[in-house]
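Visitor: Which chain is which? The protein sequence lines are R and U, in order.
Position 100 (the first sequence) corresponds to 100 in my numbering; numbering is contiguous.
Position 139 (the second sequence) corresponds to 265 in my numbering; numbering is contiguous.
These are computed hints drawn from the structure, not numbers from a lab.
Glycine residues also receive a C-beta, built at the ideal position from the N, C-alpha and C atoms.
Be a bit skeptical, because a hint or two may be false.
[Stated by the list, open to error] One side only, chain R facing chain U, incomplete, derived with CB under 10 Å:
#1 T19
#2 R48
#3 G52
#4 L70
#5 W76
#6 R109
#7 A113
#8 G119
#9 G120
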Amino acid sequence: MKVLYTWGAILLIVLASTTGDILMSHVMKQVGDVHSAARQCGFLTVLRRILGNPLFFVGIVALAVAFYALLFGLSWNDVSLIGPAAAALTFVTNAIAAKIFLHERVDRRRWIAALLIAGGVVLLAV
Amino acid sequence: MTLRKYLVLVSVTICAAVGETLLARGMKQIGNISLRHLPSVIFAVTNPWVALGILFLLGFFVTYNTALSWADLTYVLPATSLSYVLLAFIARFMLHEQISATRWIGILLISSGVGFVTQGPALTAGPEGANVDAAPETVGTGNKS
């Protein structure tokens, strides 16, 4: 039961946080560099632009699901397993999703970085 | 990349590691939550350690979204992954866990991954689909109206 709960939680964390990350990145890219945008048209305008995007709240819901899945998982197993396992998988799923949905240029450099880090995160967990 | 942007990435890294450590500590106090008592996971936020952890994760959220406003997701995520290394060091010095050879190799891999990605451009996809590598400072100021 413990194994099932643990990996169920990890799977949910990966799916929900990838969804949340992609949506957040999409929303923030539409707003643009918040620092220079705030200097140009004021902090409140930037905040309104972020909060005015419904996708921002869908992203929040996805991240909240990931957060509660993490809490649930942590109640069943060590942070040193769940944290790295979820993170390592999320690096890979995010690279794929960012390429598809955000049209980021995930070149060889970024793939190598993502895989190195995912591998490193797994080694930290052993 | 300016100093300000590096500071934002550093804040993301620190907030993530500290926040996660605090959450883990709180959840250890609370103990196992079974699916039958799922609502009790909602009340977990009243635990002081969890609450403090959430505060740090809020800081993480704000700095993370700031970074996402001027850099790719596939840049920000690897660039801030030193938080896992930080997490290992917190475990070493606060929980007095030993860092094994395997973990040192893991730390080395993560660090080289971070080095790899931060050598490259921070932004490759803009809302206009333009290649904005050369002038990251002007990103997002072009389409104001």
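Visitor: Indicate, hint by hint, whether the structure satisfies it.
Guide: How the hints compare with the structure:
{"no.": "1", "hint": "T19", "result": "violated, 12 Å"}
{"no.": "2", "hint": "R48", "result": "violated, 14 Å"}
{"no.": "3", "hint": "G52", "result": "violated, 15 Å"}
{"no.": "4", "hint": "L70", "result": "holds, 7 Å"}
{"no.": "5", "hint": "W76", "result": "holds, 6 Å"}
{"no.": "6", "hint": "R109", "result": "holds, 5 Å"}
{"no.": "7", "hint": "A113", "result": "holds, 4 Å"}
{"no.": "8", "hint": "G119", "result": "holds, 5 Å"}
{"no.": "9", "hint": "G120", "result": "holds, 3 Å"}
In this structure, the hints that do not hold are numbers 1, 2 and 3, in rising order.
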